[in-house]
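Enquirer: Residues per chain are reported as follows:
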Amino acid sequence: MEDGVGIIFGLFWVLVVIGLPIAFIITGRIREKNHFEDLARREALHHGFPVIDIPLLPAGMTASRGELVTGQVVIASDYLKNFFAQYRQLFGGEMKSYQTMMQRGKAEARLRMIEEAKRLGATAVINVRFETSQIGQARGKAAAMSEVLCYGTAVLT
Amino acid sequence: MIVVNTESVPGHRIVALKGLVQGNTIRAKHLGRDIGAGLKNLVGGELTGYTELLTESRRQAMERMMAQAQQLGANAVVNVRFTTSSVAAGAAELYAYGTAVTVEPVA
Chain U
1 MEDGVGIIFG LFWVLVVIGL PIAFIITGRI REKNHFEDLA RREALHHGFP VIDIPLLPAG
61 MTASRGELVT GQVVIASDYL KNFFAQYRQL FGGEMKSYQT MMQRGKAEAR LRMIEEAKRL
121 GATAVINVRF ETSQIGQARG KAAAMSEVLC YGTAVLT
Chain Y
1 MIVVNTESVP GHRIVALKGL VQGNTIRAKH LGRDIGAGLK NLVGGELTGY TELLTESRRQ
61 AMERMMAQAQ QLGANAVVNV RFTTSSVAAG AAELYAYGTA VTVEPVA
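Chains as they are written, first to last, in the working numbering: chain U, 1 to 157; chain Y, 1 to 107.
To be clear, the hints were calculated from the coordinates, so they are not data collected in a lab. Be aware that a few hints might be false.
[What the hints assert, rightly or not] One side of the interface only, derived from the structure: several residues of chain Y facing chain U at Cβ under 7 Å:
| # | residue |
| --- | --- |
| 1 | V4 |
| 2 | N5 |
| 3 | N41 |
| 4 | L42 |
| 5 | E46 |
| 6 | T55 |
| 7 | N79 |
| 8 | A92 |
| 9 | Y95 |
For clarity, every value in this text was computed on a predicted model and none was experimentally measured. Beta carbons are placed, not taken as given, at the ideal position from N, Cα and C, and that holds for glycine.
Next up, chain U with everything else stripped away, as it sits in the complex:
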């Protein structure tokens, strides 16, 4: 009888220790995949809308007004990515897990800026700048967190 209880407890802990991290990895991957799909869909929506990082108007365009538009996002990696990233640091090379995290952040911030510009009725966004800052610790308990800000001048005709 006592053995049976012991085995059940043992199995429970095995499930918690192995099962939960796997569940988190899978959830994280699915969410990442969905996010990339969402980004691609929105990207297609804004195809042909000029977004440039020079402070000049695209040729043939005149604007009567300009307004600052911003897009921002705080994006985090997860504990497991951090765990594996620590091993990557032993050998060097590209850190794929952080690369996709930042790629998502940059794309999301840029799209939010474009969406704001379109809401204002702009015809283009000029002088676009990106700014990234780390707001959490990459080591220790907290997962790596970064804020991405994308801003530019929406020009209105």
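Given the coordinates of chain U, work out where chain Y should sit on it, guided by the hints.
Expert: Chain Y only, in chain U's frame:
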């Protein structure tokens, strides 16, 4: 008040320079959001609570910058830049600066 990050305002002409204006704010995240973010860290992705917090804070920094411009009698701020830096663990400084100018529409 017109705020742009280009050196000139489209469709307008700069008639007077009023000088550098700036606004900053330092925000701490609060415990409730921290716990939420901690849970979100299990799977990664966007931390909506922090995004809102920083959006709100950056707006405040910008409003302070615009108030300063207004005091100088300007009607626009050009060449605006933003910086973010973490001052202490859990506290971020948001800083906005630009040049206050007076503009008038080009006829």
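Enquirer: If a hint holds in the structure, say so; if it does not, say that too.
Expert: Results of checking the hints against the structure:
no. : hint : verdict
1   : V4   : 4 Å, holds
2   : N5   : 5 Å, holds
3   : N41  : 4 Å, holds
4   : L42  : 5 Å, holds
5   : E46  : 6 Å, holds
6   : T55  : 6 Å, holds
7   : N79  : 9 Å, violated
8   : A92  : 5 Å, holds
9   : Y95  : 11 Å, violated
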